[in-house]
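8 protein chains.
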Amino acid sequence: MNEPQLRKLLEQVRTGRTTVAAALKKLGHLPFESLDFATVDHHRSLRCGFPEVIYCPGKTTPQVLAIAGKLLARKGNLLATRAEPALYRAFKKKYPKAKYEKLARAITVRQVRARPSTHTVAIVSAGTSDLPVAEEARVTAEIMDQRTQTFYDVGVAGIHRLLAHAEALREAKVVVVVAGMEGALASVVGGLVEVPVVAVPTSVGYGASFGGLAPLLTMLNSCAAGVSVVNIDNGFAGGYIAARINRLAEG
Amino acid sequence: MNEPQLRKLLEQVRTGRTTVAAALKKLGHLPFESLDFATVDHHRSLRCGFPEVIYCPGKTTPQVLAIAGKLLARKGNLLATRAEPALYRAFKKKYPKAKYEKLARAITVRQVRARPSTHTVAIVSAGTSDLPVAEEARVTAEIMDQRTQTFYDVGVAGIHRLLAHAEALREAKVVVVVAGMEGALASVVGGLVEVPVVAVPTSVGYGASFGGLAPLLTMLNSCAAGVSVVNIDNGFAGGYIAARINRLAEG
Amino acid sequence: MNEPQLRKLLEQVRTGRTTVAAALKKLGHLPFESLDFATVDHHRSLRCGFPEVIYCPGKTTPQVLAIAGKLLARKGNLLATRAEPALYRAFKKKYPKAKYEKLARAITVRQVRARPSTHTVAIVSAGTSDLPVAEEARVTAEIMDQRTQTFYDVGVAGIHRLLAHAEALREAKVVVVVAGMEGALASVVGGLVEVPVVAVPTSVGYGASFGGLAPLLTMLNSCAAGVSVVNIDNGFAGGYIAARINRLAEG
Amino acid sequence: MNEPQLRKLLEQVRTGRTTVAAALKKLGHLPFESLDFATVDHHRSLRCGFPEVIYCPGKTTPQVLAIAGKLLARKGNLLATRAEPALYRAFKKKYPKAKYEKLARAITVRQVRARPSTHTVAIVSAGTSDLPVAEEARVTAEIMDQRTQTFYDVGVAGIHRLLAHAEALREAKVVVVVAGMEGALASVVGGLVEVPVVAVPTSVGYGASFGGLAPLLTMLNSCAAGVSVVNIDNGFAGGYIAARINRLAEG
Amino acid sequence: MNEPQLRKLLEQVRTGRTTVAAALKKLGHLPFESLDFATVDHHRSLRCGFPEVIYCPGKTTPQVLAIAGKLLARKGNLLATRAEPALYRAFKKKYPKAKYEKLARAITVRQVRARPSTHTVAIVSAGTSDLPVAEEARVTAEIMDQRTQTFYDVGVAGIHRLLAHAEALREAKVVVVVAGMEGALASVVGGLVEVPVVAVPTSVGYGASFGGLAPLLTMLNSCAAGVSVVNIDNGFAGGYIAARINRLAEG
Amino acid sequence: MNEPQLRKLLEQVRTGRTTVAAALKKLGHLPFESLDFATVDHHRSLRCGFPEVIYCPGKTTPQVLAIAGKLLARKGNLLATRAEPALYRAFKKKYPKAKYEKLARAITVRQVRARPSTHTVAIVSAGTSDLPVAEEARVTAEIMDQRTQTFYDVGVAGIHRLLAHAEALREAKVVVVVAGMEGALASVVGGLVEVPVVAVPTSVGYGASFGGLAPLLTMLNSCAAGVSVVNIDNGFAGGYIAARINRLAEG
Amino acid sequence: MNEPQLRKLLEQVRTGRTTVAAALKKLGHLPFESLDFATVDHHRSLRCGFPEVIYCPGKTTPQVLAIAGKLLARKGNLLATRAEPALYRAFKKKYPKAKYEKLARAITVRQVRARPSTHTVAIVSAGTSDLPVAEEARVTAEIMDQRTQTFYDVGVAGIHRLLAHAEALREAKVVVVVAGMEGALASVVGGLVEVPVVAVPTSVGYGASFGGLAPLLTMLNSCAAGVSVVNIDNGFAGGYIAARINRLAEG
Amino acid sequence: MNEPQLRKLLEQVRTGRTTVAAALKKLGHLPFESLDFATVDHHRSLRCGFPEVIYCPGKTTPQVLAIAGKLLARKGNLLATRAEPALYRAFKKKYPKAKYEKLARAITVRQVRARPSTHTVAIVSAGTSDLPVAEEARVTAEIMDQRTQTFYDVGVAGIHRLLAHAEALREAKVVVVVAGMEGALASVVGGLVEVPVVAVPTSVGYGASFGGLAPLLTMLNSCAAGVSVVNIDNGFAGGYIAARINRLAEG
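Chains as they are written, first to last, in our numbering: chain A, 16 to 266; chain B, 16 to 266; chain C, 16 to 266; chain D, 16 to 266; chain E, 16 to 266; chain F, 16 to 266; chain G, 16 to 266; chain H, 16 to 266.
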């Protein structure tokens with residue numbers, strides 16, 4: 016809406032040709048409509064269909080509890096990632112509905128329960144040491160009401176382990192691939208399926224992994240064109256994006 | 016199918032309890048069913064709904080023409096990326112149907128025309144210098160029969176330029192964000208929409224961009240959780256993944 | 016302005032208690048006031064006191080000329096950075112007022128002439144090879160109507176060369192330090208003056224400069240606390256920030 | 016050669032006890048000999064309007080206390096950064112006027128109180144985890160007698176949170192932007208204001224942040240030209256430079 | 016085996032021209048013959064002549080014990096690398112045959128004893144601090160039934176220490192070189208012998224070793240052409256590859 | 016040989032108990048036996064079974080021709096790598112026996128012909144653009160009298176292409192894997208065979224390949240333990256090491 | 016304040032035309048004011064015994080000629096490094112005494128000839144491709160009147176080539192080691208001699224040399240403690256430092 | 016000595032024209048003369064005038080004590096670097112002559128006392144936090160019988176602190192500069208003196224120091240040509256090289 020249009024609208028209000036309500040609605044389509052009269056997080060909740068997640072590291076327990084309190088008051092579900100057991104214990108005491116996904120180091124609070132998705136998010140991981148990240152992806156997708164299926168410990172050093180699941184994999188609408196070491200699994204999976212693959216590099220590995228740089232680069236350079244990548248060890252992002260994609264497939 | 020099962024199946028064939036055709040079909044469900052009796056690329060075509068793309072750099076003109084010939088013989092569409100004008104001229108001479116997307120440096124040959132998608136792939140770019148990469152994404156998505164809408168030159172230094180399009184952006188089912196310099200556009204877009212965002216860093220920028228490393232890291236570290244990333248300057252991957260996602264949304 | 020306030024304002028317009036002009040002005044204070052009714056660049060021009068600059072690399076000559084045409088139509092001054100001589104010749108033909116700063120590789124067009132600043136932007140450079148970047152900073156500051164004083168070739172290997180100018184340096188309100196090699200000049204200058212120092216690393220140097228990474232890190236790690244840093248070889252940013260600061264000092 | 020010695024030499028010249036040639040030779044040992052009549056730190060204090068700050072890491076508690084003692088003897092204010100609580104307790108015991116800014120991990124001792132600045136240093140931060148760095152910037156600016164205003168937790172993933180403060184932000188004379196993750200906030204703020212922006216990257220983030228490298232590169236590559244950058248997690252530098260700039264604006 | 020061939024084979028089974036056993040054998044040559052009817056690790060054992068190794072970091076003690084249990088049930092030998100003493104104590108309690116190689120931090124269980132190899136794997140290390148990695152290589156090669164000879168503490172700073180062993184070194188069929196610091200030992204050894212050299216960089220060193228990056232690059236750039244490289248500190252890989260090569264030499 | 020032994024030997028020569036010839040032979044076993052009386056390259060030829068190779072870049076044509084002349088005078092075979100066509104033409108004029116492997120950019124001169132090896136060096140490459148490096152490996156192995164078999168264009172994006180050759184691959188005694196992009200092929204091959212795998216990363220790829228860093232790290236971090244790695248694009252090293260290994264297998 | 020001015024001021028004090036207080040105030044602007052009576056370069060010449068060298072890259076031919084003119088006017092010797100042949104031709108025309116060291120790409124002009132040093136600077140290089148850098152070191156040391164001895168093409172892959180020269184090497188008072196590839200030569204030489212070793216890494220090598228980073232790190236991490244390092248390809252620095260050291264040895 | 020010469024020598028021994036002793040002496044000049052009949056470390060001691068130093072990290076206390084025992088048996092002096100206090104206490108118990116340099120974390124044992132050097136090694140450091148490294152350099156030079164003079168806390172942010180010592184600095188024959196943060200001190204010192212400067216970067220600093228990478232690159236890129244560099248935090252190397260150089264100056 017440019018200045019002349021705005022001026023015209025105001026004139027119409029002034030002269031009664033447009034009601035205040037109609038003008039309000041028109042102005043409401045501006046990107047900033049709710050800047051002040053909605054709280055920040057509620058706004059995101061409306062927009063993205065999921066409440067803001069709490070990333071726990073660097074926050075004190077009281078800070079986490081306070082943020083959780085505000086979010087839970089809105090009656091949505093909650094996910095707190097990278098939560099240490101001690102934090103969970105304090106959390107559980109205050110919010111008894113909280114559950115702890117130990118391997119994923121995630122706290123979830125489910126206050127509403129949607130119909131689970133028809134389609135499936137597949138979560139594939141290379142080695143046992145990648146499980147915490149893979150589980151974070153799974154927990155994230157599930158708290159977003161997506162059905163998941165996991166294929167763990169199917170790294171490429173024994174390619175037959177993966178191929179044995181090829182058919183099952185192809186039934187998913189989106190695949191999250193979690194792999195450390197050299198991260199080659201993402202490329203191989205990317206060549207087997209025709210749906211989007213979200214690759215999550217992990218920091219698991221010997222020295223020249225450089226904290227996950229190796230699988231990160233591997234995945235970014237994947238010769239299989241359907242692979243996109245998120246941050247190192249960021250299982251949450253992997254699960255979150257997969258959930259967004261699967262929801263689209265749901266229609 | 017394990018050994019006893021395989022043995023049993025063969026016994027059934029031997030004794031006539033199973034026909035050869037049925038046995039063949041059962042064996043065909045194995046991951047390797049078509050290893051030899053399908054050519055490599057045809058196989059991929061069946062699997063992924065799109066013929067293999069030709070990445071031209073490092074290939075001679077005769078090599079590209081030969082590969083193109085094989086692919087075109089199967090009557091599908093073709094995309095050759097990073098094609099120099101000289102290569103295009105040789106291509107056009109041999110395959111008169113070829114078209115050249117100059118900015119995207121892409122050759123396309125359209126032999127079949129599907130119904131365009133209902134939903135839209137939005138392609139957003141930060142600056143004029145990012146256009147070749149953004150256009151490569153657009154051309155890729157379109158040859159894959161996806162409808163696109165472009166939002167060019169809406170970098171974050173003038174955030175209002177982007178916000179002016181927020182509503183339109185939110186109508187897309189997937190957004191490709193192409194940005195060099197610091198690549199912050201991906202995060203801002205990621206905060207505005209609730210669909211998957213595929214971020215493509217470009218090598219556009221001053222020295223400390225380090226050939227696109229800066230926007231690559233920016234995008235991988237995006238605080239907006241719906242953002243996944245592909246390789247530097249890889250507009251093809253951005254468009255390809257977006258097409259995969261949009262096709263899912265199509266149902 | 017939140018929804019109730021907006022509703023109230025519209026009511027006042029409707030009932031005539033507020034004029035359209037007054038309402039328009041009030042709405043104009045919103046961050047988005049001019050999203051559509053001003054062109055992008057004009058908006059920036061209003062906001063920052065300087066028209067958008069054209070960064071030439073990666074743009075074709077026709078693109079540069081077209082953008083320049085739009086910008087010049089608004090009667091402000093223009094700066095086109097990293098312009099090759101050939102580009103300048105085409106530019107000059109179309110816009111005869113254009114001048115070329117050869118060393119800085121910058122085209123300037125001056126259509127308005129403000130009173131030059133009282134205070135001075137000092138521009139200090141380490142070696143002869145750093146001159147293109149230093150000159151880009153100077154040209155930028157000057158087209159922004161700031162007075163400049165240059166101190167060239169005063170690298171730290173002969174510290175007395177710099178110290179000889181210490182008094183003059185201290186009269187500036189802001190100092191731009193341009194240095195390649197090891198970039199130590201920024202720290203020494205930072206220790207000599209009490210005004211802000213904007214450091215610009217350059218890519219001048221032997222192998223382990225790694226394209227300017229060495230002076231960049233040097234400057235970021237400066238033990239002199241008043242030093243902030245911009246991108247490698249980005250003389251424009253150095254001059255631009257210094258001009259912003261000097262303008263503040265102007266009152 | 017300190018001041019009394021220099022005075023004495025000149026007296027000897029005046030009274031003929033030393034020849035001009037002999038004096039010339041003695042003075043020829045300059046430029047560095049005449050520094051003794053100011054102690055190192057006092058000298059800086061005179062020159063820059065603020066006593067040297069104590070950076071605590073790597074110093075023992077007795078070392079910090081001893082340095083503090085010398086500095087406080089000159090009756091100025093004192094700032095000790097990155098001070099652990101244990102260090103503060105020892106400090107407080109010896110210098111009871113000391114105060115501890117817990118979040119900023121900073122000790123301040125205020126012995127003189129100047130009239131606070133008219134203008135404001137705005138301090139903007141992206142996330143809760145960035146607070147320690149943002150607070151270090153705030154404490155630094157305030158001990159330098161600058162008025163500050165903070166805008167915390169306004170990261171770009173929810174751009175409306177930032178835009179809601181755009182008007183207030185534009186009233187500051189300088190803005191410090193503190194952000195980890197991808198650091199995109201600096202660019203967006205840089206596009207909203209017309210004053211200098213000092214960007215402070217933080218080490219907050221997932222793996223591919225590489226200890227703050229990601230936001231550092233983001234900020235250095237900012238497409239918003241008014242942004243300069245300091246070291247990772249260096250809130251002190253951010254606050255210090257902002258104070259220098261704001262002081263200039265004060266006139 | 017392509018589809019017509021497969022169809023033909025099945026027809027032959029059906030008509031009795033081929034027995035089930037023969038068909039089974041033919042199908043067994045497919046890469047995937049045993050995907051399901053052999054457990055993953057057994058399969059590898061068959062294929063590579065050595066059971067899967069347990070890499071302990073990132074696995075809990077119960078996980079390690081469980082995996083070990085499965086592997087030992089197949090009556091092969093076992094190697095668990097990077098095992099802390101505490102893990103070993105739990106291991107020993109459950110599997111009394113286990114032995115601990117303290118310096119190598121490796122647990123071995125020997126259930127079968129093959130005839131040791133005729134030829135020798137030489138293991139050369141540069142300094143005392145490289146011993147853990149060198150020992151891991153030695154233990155790995157030995158549990159794979161290869162004879163080893165060690166040459167420790169023969170770094171290039173005193174080249175005569177190495178040369179004194181040149182003749183002995185030349186009798187090995189493969190040499191593992193373990194070196195931190197600058198890793199130059201690999202090149203010197205590579206110039207002395209005519210057999211393959213497997214270089215293992217270690218993270219031993221001062222700051223600019225960057226966790227082993229320095230010797231890694233050294234070894235990759237070796238001017239002695241017979242040198243190939245494995246990951247930093249990965250003594251296991253060094254020993255494993257050397258064992259593979261030595262086994263080939265065995266005939 | 017230590018001092019007393021040396022003294023004893025000399026005494027024996029003096030007293031006639033040892034002939035000069037015998038003494039000479041004994042001294043010849045010292046590592047330094049031939050330091051001066053053999054030319055450098057002849058020495059290497061004796062030691063390693065292959066004359067020194069000429070690495071052409073950075074050498075002038077006359078330098079290459081001169082070195083080649085000296086080497087050819089000894090009647091062995093010759094390999095000149097990275098030779099431009101122009102260099103080859105000059106070479107051919109002077110040494111008519113020279114042949115040019117165009118794709119590999121290698122000149123070979125065969126003056127002696129050994130019985131080719133019984134066993135095979137397999138050379139596997141991922142994509143068409145990797146061919147020059149793969150061919151350099153092949154040419155190197157062949158001039159060293161090893162039989163080779165090539166498996167080109169079998170990248171992991173279509174894993175079936177590789178698996179179709181699994182049986183053939185397993186017949187080789189050593190496998191060279193050449194791959195750019197993400198380099199995952201090495202891990203997959205490493206999981207399929209039980210012989211040593213020498214991985215050669217190539218610089219083929221988009222931006223975040225960083226000149227081959229990506230596949231280099233991938234290969235170093237391979238979860239398949241039999242993989243060792245050589246320098247980026249160093250097909251020569253790959254072929255050379257494979258030849259060394261294959262020769263061992265030959266017995 | 017230059018020397019005549021200082022002399023004049025002292026005269027005025029002596030004769031009473033200036034008071035001590037006034038003189039003190041004028042001098043109080045030191046420490047840096049009194050530098051003008053020496054030109055920058057002349058000052059360095061006095062201080063370091065050698066005129067400033069001209070580093071040619073990034074300087075235009077006229078700039079080089081002008082600087083050379085000023086320097087030559089002082090009757091000392093001159094060294095211009097990294098001079099292209101075209102630059103030399105222009106140089107020679109203007110300064111006929113100039114000589115060109117082709118391999119070193121250096122122009123020298125000798126106007127004074129000192130007695131050559133008694134002691135020797137040894138210059139050792141690894142391969143033929145390292146010669147330009149080694150020669151730059153040699154030319155630099157010689158124009159500084161130091162005697163040199165070169166040991167070229169003695170890389171560690173054939174360690175005997177180096178050892179054959181060990182005795183000669185030990186007669187030098189300082190050794191410059193120039194090496195690319197993996198740079199191991201510096202460590203081996205460092206272990207052979209008891210004098211300082213100055214290591215110069217070169218950018219010669221395959222991909223993972225990363226433009227000389229590999230030998231740079233190798234040399235910095237040298238286990239031979241007498242090795243210090245200069246920048247990649249910086250033969251000038253190597254020769255210059257060696258000359259400084261050798262001059263000390265000269266007494 | 017080549018083969019004919021060796022043969023000739025043996026003939027002379029045989030015929031009595033050369034005595035065994037003379038032959039032995041001649042052969043003793045070979046590089047390998049003492050390979051076996053001297054222990055490794057004694058050899059180095061003879062060659063370099065100083066016993067091997069013990070680098071303690073990564074060695075167990077018993078290992079350190081054992082190595083020390085062997086070294087001390089030869090009656091030379093000893094230096095053990097990076098020794099924790101606990102290690103020192105065990106050391107002291109066994110070798111009561113041991114002294115501990117606390118700040119330098121070094122153990123020294125002095126068994127012989129040479130006449131201290133006439134000339135001086137200057138050791139300059141930038142900040143208090145750099146002291147441990149500077150002290151390691153000092154202790155190293157002193158145990159090698161070199162006279163030292165320290166100039167601590169003279170960083171470039173207050174350049175006058177350094178300049179005040181310029182004259183004293185110029186009396187040294189070699190200068191060790193120890194600096195973290197941005198490491199600019201090396202360049203400034205390099206410009207002030209005409210003797211060799213050995214620069215030691217330290218890991219002291221904020222985030223973008225990247226563990227000392229910043230000052231390392233600074234020093235390698237120093238525009239002052241007399242500066243060579245050792246590893247990060249390697250005060251030992253700095254002191255060792257300086258001692259070697261100073262010893263040369265001693266004549």
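Check before you lean on any hint, since a few could be wrong.
In silico BS3-like pairs for lysine-lysine, Cα to Cα no more than 30 Å straight-line [what the hints assert, rightly or not]:
| no. | chain 1 | residue 1 | chain 2 | residue 2 |
| --- | --- | --- | --- | --- |
| 1 | G | 114 | G | 90 |
| 2 | A | 117 | E | 23 |
| 3 | A | 117 | E | 108 |
| 4 | G | 107 | G | 85 |
| 5 | G | 112 | G | 90 |
| 6 | G | 85 | G | 112 |
| 7 | C | 117 | G | 107 |
| 8 | A | 109 | A | 90 |
| 9 | C | 112 | B | 117 |
| 10 | G | 90 | C | 117 |
| 11 | D | 85 | D | 23 |
| 12 | A | 90 | A | 108 |
| 13 | D | 85 | H | 117 |
Think of the hints as simulated: they come from the structure by calculation, not from any bench.
Take a quick look at whether residue 114 of chain G and residue 90 of chain G sit within 30 Å of each other, Cα to Cα.
-> The given pair, whose Cα atoms are some 16 Å apart, holds under the 30 Å limit.
When you check the alpha-carbon spacing of residue 90 of chain A and residue 108 of chain A, does it fall within 30 Å?
-> 19 Å, holds
Regarding the pair residue 109 of chain A and residue 90 of chain A, is the alpha-carbon distance no greater than 30 Å?
-> This hinted pair holds, its Cα atoms lying about 16 Å apart.
Given the hint that residue 85 of chain D pairs with residue 23 of chain D, test it: the Cα-Cα distance must not exceed 30 Å.
-> 29 Å, holds
Does the structure keep residue 117 of chain C and residue 107 of chain G at a Cα separation of 30 Å or less?
-> Since the Cα atoms of residue 117 of chain C and residue 107 of chain G sit roughly 28 Å apart, the hinted pair holds (cutoff 30 Å).
Straight-line Cα separation of residue 112 of chain C and residue 117 of chain B no greater than 30 Å?
-> 33 Å, violated
Taking 30 Å as the top limit, are the C-alpha atoms of residue 85 of chain G and residue 112 of chain G close enough?
-> 15 Å, holds
Between residue 117 of chain A and residue 23 of chain E, is the straight-line Cα distance small enough, at 30 Å or below?
-> 54 Å, violated
For the pair supplied as a hint, residue 90 of chain G and residue 117 of chain C, is the alpha-carbon distance within the 30 Å limit?
-> Distance ~34 Å between residue 90 of chain G and residue 117 of chain C Cα, so the pair is violated.
If you draw a straight line from the CA of residue 117 of chain A to the CA of residue 108 of chain E, is it 30 Å or shorter?
-> 27 Å, holds
Is residue 85 of chain D within 30 Å of residue 117 of chain H, Cα to Cα?
-> Since the Cα atoms of residue 85 of chain D and residue 117 of chain H sit roughly 25 Å apart, the hinted pair holds (cutoff 30 Å).
Is the straight-line distance between the alpha-carbon of residue 112 of chain G and that of residue 90 of chain G 30 Å or less?
-> Holds, because 12 Å separates the two Cα atoms, which is no more than 30 Å.
Comparing the model with each numbered hint stated earlier shows that hints 2, 9, 10 do not hold.
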